[in-house]
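J.: Sequences listed follow chains Y and X, in order. Heads up: the first sequence begins at 40 in the numbering used here, then just goes up one per residue. Heads up: the second sequence begins at 38 in the numbering used here, then just goes up one per residue.
No wet-lab data here; the hints were simulated from the structure. No experiment lies behind these values; they were computed from the predicted model shown. Possibly wrong hints are sitting among the right ones.
As the list claims (entries may be wrong) - One-sided excerpt, in silico: chain X residues whose CB lies under 8 Å from chain Y: (1) LEU340; (2) GLN344; (3) LEU356; (4) ILE359; (5) LEU360.
Glycine residues also receive a C-beta, built at the ideal position from the N, C-alpha and C atoms.
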Amino acid sequence: MTFIAEIVYMLSAFTLLSAFFILLQPFIRSMIRGIVVQSVLIGLISFIMAYYLSSIDFVLLGILVIVLRGFLVSYLLERQLKKHSSLFRESTYGIPSTILMAIVVAIVGSFIVYFYVFYNLIVTVTIGTTSILLFAFMMMFLGIYIILSRKNTMTQIIGYVEEENSMVLMSIFLIPVPFIVEVTVFLDVITLVLIASVVAKEKLEHVELQELRG
Amino acid sequence: MIASNFAKGELEVSIDVTLLVETLIQLFTVLLLSPLFIGISNRLKAIVESRRGPSIFQPYYDLMKLFRKQSLVSKSAGSVFVYAPYVAFAIYCLISLVIPVVLPQPVYFTATVDFFGGALLFGLAGFIKMLAAMDSGSNFTALGTARVASFSIFAEGTLILVFFAVALITTTINPYVTNAFLVANPSAYLTLAHISAAAAFLMLFIFESGRLPVESTGLMELGMVDDALSYEYSGKLLAINKWGSYIKQYLLGAVLLNVFLIPWGLQTGVLGALIDIPIMFVKWLALIVALVIIETSFAKMRLFKIQDYLSIAFALSLLFLILSLVAT
Chain Y
40 MTFIAEIVYM LSAFTLLSAF FILLQPFIRS MIRGIVVQSV LIGLISFIMA YYLSSIDFVL
100 LGILVIVLRG FLVSYLLERQ LKKHSSLFRE STYGIPSTIL MAIVVAIVGS FIVYFYVFYN
160 LIVTVTIGTT SILLFAFMMM FLGIYIILSR KNTMTQIIGY VEEENSMVLM SIFLIPVPFI
220 VEVTVFLDVI TLVLIASVVA KEKLEHVELQ ELRG
Chain X
38 MIASNFAKGE LEVSIDVTLL VETLIQLFTV LLLSPLFIGI SNRLKAIVES RRGPSIFQPY
98 YDLMKLFRKQ SLVSKSAGSV FVYAPYVAFA IYCLISLVIP VVLPQPVYFT ATVDFFGGAL
158 LFGLAGFIKM LAAMDSGSNF TALGTARVAS FSIFAEGTLI LVFFAVALIT TTINPYVTNA
218 FLVANPSAYL TLAHISAAAA FLMLFIFESG RLPVESTGLM ELGMVDDALS YEYSGKLLAI
278 NKWGSYIKQY LLGAVLLNVF LIPWGLQTGV LGALIDIPIM FVKWLALIVA LVIIETSFAK
338 MRLFKIQDYL SIAFALSLLF LILSLVAT
């Protein structure tokens with residue numbers, strides 16, 4: 040493995056660790072800061088890929104990730120947080136059970152996707168081996184797990200943003216997606232965060248069981 | 038090797054003297070030096086905290102004092118309680134011959150078990166200690182056993198998974214080959230899986246040796262974990278138990294040093310075995326300094342946070358075990 044590939048692997052591992060950090064935080068402000076760190080890491084990976092593939096698209100992508108995902112989205116979320124002091128902290132189920140369940144979901148999910156879907160396809164990745172996609176898969180499932188396990192609307196938005204981050208990571212490693220597609224996805228996410236913030240104003244907690252009760 | 042020749046009608050016994058000497062050096066280094074490192078670490082910690090501290094030979098004095106004293110066994114205790122310290126001590130002695138703690142070369146009894154066998158033997162010794170504590174019939178030790186059992190879920194799992202990770206990196210489960218492989222291949226030493234396995238094992242070692250962020254040793258009731266198991270022991274039995282736990286700390290630390298942190302520098306042969314003792318001593322000093330820095334810069338965790346800490350170590354080892362499977 041080349042030196043650049045090693046660095047990309049290491050940064051991806053840190054991205055995955057930041058996903059775990061976000062998952063285990065009961066404080067919503069720390070979760071948002073985790074998202075900032077994660078987006079900056081993905082931006083760095085994008086810059087390294089720009090140097091590696093000598094493509095200007097990745098520089099723009101990196102700037103977009105850091106500015107839009109890292110700072111604009113987190114600014115929007117933090118502004119919501121100031122209005123609702125009750126959103127300061129969410130009660131969680133404790134670290135050991137959360138981490139065990141999350142690992143089971145992430146590993147089982149990503150292995151099913153990786154071995155049953157990607158195994159039959161001929162996938163070319165831009166750096167390293169195909170296994171580098173596992174980082175993105177695991178992050179995606181961790182984002183899904185945040186949405187599954189939390190009731191708070193803000194944390195669900197954060198889980199969604201993390202999922203989108205994993206999509207960006209995957210698109211960096213896969214054959215480069217046209218730049219215009221990336222930009223539209225970014226704009227989608229910002230719109231969704233805005234709309235979700237409006238929803239969050241109306242409904243702070245989702246307790247589906249109450250609605251299902253006959 | 039003992040070979041008997043009955044055909045000639047005479048019993049011919051041949052023993053490989055070199056191997057025997059190496060075995061004895063390895064065993065007695067572990068037996069005799071393990072309390073010293075505890076003493077050095079306690080003294081250094083005291084100096085950092087601007088106390089005078091006990092002598093570095095204090096663990097030896099403690100053991101000597103306890104060996105002279107009488108053992109008291111309560112009426113409600115069974116025979117497991119009495120014999121378990123000896124069995125656990127013997128298991129730790131066996132482990133010291135199985136893994137490269139002093140000499141990076143197989144000795145007698147090395148072929149008994151492999152790396153996983155070593156991890157399972159650690160688990161067995163822990164289980165026997167817990168069984169003995171339950172057999173004492175005291176409520177207090179039962180409480181300690183409950184604590185140890187709930188923490189061991191993650192601690193033993195981490196230990197076994199970390200060894201799995203090393204086996205996957207080096208494609209062998211022979212600890213001696215592992216050590217040689219890591220010495221020969223610095224690139225394997227720097228893989229993601231190895232680094233995270235080292236981090237997980239360091240977290241585990243801090244827990245098992247009762248250092249400060251976790252502090253499982255000490256007789257403070259609210260945070261008492263390991264010492265609750267030996268709470269009912271006294272005299273000779275307590276000495277054996279204590280010595281066993283010193284050996285356990287030495288073994289885990291030696292694995293941390295020789296497999297994860299500094300695999301280089303060990304010599305082979307009889308003369309090499311003698312030179313290895315000061316080499317291990319220097320390595321241990323480096324580890325002790327690092328641990329004292331960690332210990333004096335963190336506050337103690339609450340008892341219920343220990344499980345969080347261990348579950349993160351477990352997650353780290355499991356996650357990167359999976360990644361090492363594919364990311365190579």
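J.: Next step is simple, just say for each hint if it's right about the structure.
T.: Evaluated hints:
no.	hint	in the structure
1	LEU340	violated, 14 Å
2	GLN344	holds, 5 Å
3	LEU356	holds, 7 Å
4	ILE359	holds, 6 Å
5	LEU360	holds, 7 Å
Checked against the numbered hints above, the structure breaks only hint 1 and satisfies the rest.
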